[in-house]
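*Asks:* Residue numbers (my numbering), protein chains in the order written: chain Y, 1 to 160; chain A, 1 to 160.
Any given hint could be a false lead.
It does not matter which identical chain is meant; a pair holds if it fits inside one copy or across any two.
Simulated pairs of lysine-lysine, BS3-like, Cα-Cα distance not exceeding 30 Å [stated by the list, open to error]: (1) Lys73 to Lys30; (2) Lys38 to Lys15; (3) Lys15 to Lys30; (4) Lys15 to Lys73; (5) Lys38 to Lys73.
What the hints contain is simulated information worked out from the structure, not anything from laboratory work.
Protein chains: 2
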Amino acid sequence: MNAPAESTRSTPQSKARLRLWLRLLGVTRKIENELRDKLRREHDTTLPRFDVMSALHRHPDGLRMSELSGVLKVSNGNVTGIVDRLTEEGLVERVAVPGDRRAMMARLTERGQTVFIGQAAEHEAWIDGLFAEMDADEARIFANRLGELAELLETRGETQ
Amino acid sequence: MNAPAESTRSTPQSKARLRLWLRLLGVTRKIENELRDKLRREHDTTLPRFDVMSALHRHPDGLRMSELSGVLKVSNGNVTGIVDRLTEEGLVERVAVPGDRRAMMARLTERGQTVFIGQAAEHEAWIDGLFAEMDADEARIFANRLGELAELLETRGETQ
DNA sequence: ACCGCATACTTCAACCTTAAAATATTTGTC
DNA sequence: GACAAATATTTTAAGGTTGAAGTATGCGGT
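Go ahead and model the full structure; you've got the sequences and the hints to work with.
*Replies:* Dropping the structure here:
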C-alpha cells in the first residue's frame with residue numbers, strides 16, 4: 001500500500017520501457033490495420049465482428065454477454081451492439097440461460113460456424129505471413145514472455 | 001511474386017504465430033485500457049487526444065495532417081476530428097503551410113505544451129509501473145525485435 | 001413476504017474510427 | 001495557359017467504443 005511517492009522522474013529504464021510500449025502499440029496497430037483491410041475486402045466483415053465470432057467459436061456452448069466482453073476486453077455495451085448486428089445477419093443467436101432470466105448466452109448459429117471457419121483459416125494464414133520473418137521457436141518464446149506479462153497485469157489490475 | 005499457392009493450411013508454426021498475435025493483441029488492449037482509464041480520471045482527456053498531442057510534442061515545428069495520421073496509423077478523417085476538438089480547447093492550432101495552400105500544419109499551442117508535459121511525465125511513470133516486471137535490458141531487446149518486425153511489415157506493406 | 005443491494009444486460013450520449021465522396025489546390029503535359 | 005491527374009484535407013455515413021444511466025432480475029437478511 002501507499003507507494004513511496006511513486007516517482008514520476010524519467011530514467012533510462014523508464015525510457016526503455018516507454019519505447020517498448022510504443023513499439024508494441026505500433027506493431028499491433030499496423031497488423032490490425034492489415035487484418036481489417038483483408039477482412040473487409042475478402043469477407044465483407046469487420047475486425048470486431050470477427051473477434052466476437054472467434055471467441056464464440058472457441059466456446060461452442062456459448063458465452064454470456066459479460067463473459068464475452070471480458071474475454072475481448074471491451075465494454076458491455078459494446079458487445080451488445082455487435083451481437084445485435086451479427087444476430088440480424090443470422091450468424092449469432094441469443095439463448096436464454098435457464099435459472100437466470102437476466103443473463104443471455106450468445107452462440108454461433110450453424111451458419112455462423114460455417115462462415116467463421118472459412119474466415120478463420122485465411123486469418124491464420126495471414127498472421128502466418130505477417131510473422132513469417134519470425135520462426136516458430138522465437139514466436140513461442142515471445143508469446144510466453146507476453147503471457148507472463150499479461151498475467152502480471154491481470155493480477156495487478158485486480159488488486160488496484 | 002505469385003506465392004506458391006500460399007497455403008491456408010494450419011501448421012504448428014502458424015498456430016504458434018497466431019498465439020503470439022493473440023497475446024500481443026491482449027497485452028496491448030489491457031495496457032490501453034489502463035492508460036485510457038488513468039488519463040480520463042486524472043487528466044480528463046482521452047487516449048487519442050493524448051496520442052495526437054504526444055506526436056506533436058515530438059515535432060515542435062508541427063506536423064501536416066497527413067503526417068500526423070501516418071505516424072499514428074489512423075485515417076486522415078480521424079485526425080481531422082481530434083485536432084478540431086483540441087483546437088477548440090486551445091491546446092492545438094492549425095497553421096497554413098507556406099507554398100502549399102492545400103496543406104495544414106498542426107502544432108501544440110503554448111498552453112498545449114504545458115498541459116502535455118504534465119500528462120507525459122505521469123504517462124511515462126505509468127508505463128514504467130506496468131512493465132516493472134521487465135528489466136530495462138529485456139525491454140530493449142524486446143523493443144529492438146519488435147522494431148525489426150515493424151520495419152519488415154512496413155516494407156512489405158508498400159510492395160503489396 | 002419485503003426490502004435493499006448486487007448482478008446482467010441494454011440504452012444513451014459523446015466520441016472515435018473507417019472508407020468513400022467531396023473540395024481545393026498543385027503539378028505535369030500538351 | 002488549359003486540362004487531366006495527383007495530392008492534402010475535410011465531410012459524410014455507418015459502425016465501433018466508452019462510461020454512465022436505466023431496466024429487470026436475483027439474493028440475502030429480517
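*Asks:* The structure should be examined with respect to each hint, and the outcome stated for every one.
*Replies:* Going through the hints against the structure:
1. Proximity of Lys73 and Lys30 under a CA criterion of 30 Å is satisfied in both settings, with 19 Å inside one chain copy and 7 Å between copies.
2. Proximity of Lys38 to Lys15 under the C-alpha cut-off of 30 Å is restricted to the inter-copy arrangement: shortest distance 19 Å between copies versus 35 Å within a copy.
3. In this assembly of identical chains, Lys15 and Lys30 lie within 30 Å of each other by CA distance both inside one copy and across copies; the values are 22 Å within and 20 Å between.
4. For the homomeric pair Lys15 and Lys73, the shortest alpha-carbon distances inside one copy (27 Å) and between copies (22 Å) are both at most 30 Å.
5. In the homo-oligomer, the alpha carbons of Lys38 and Lys73 lie at most 30 Å apart both inside one protomer (23 Å) and across protomers (16 Å), since each shortest distance falls under that limit.
The earlier numbered hints are all upheld by this structure, with none contradicted.
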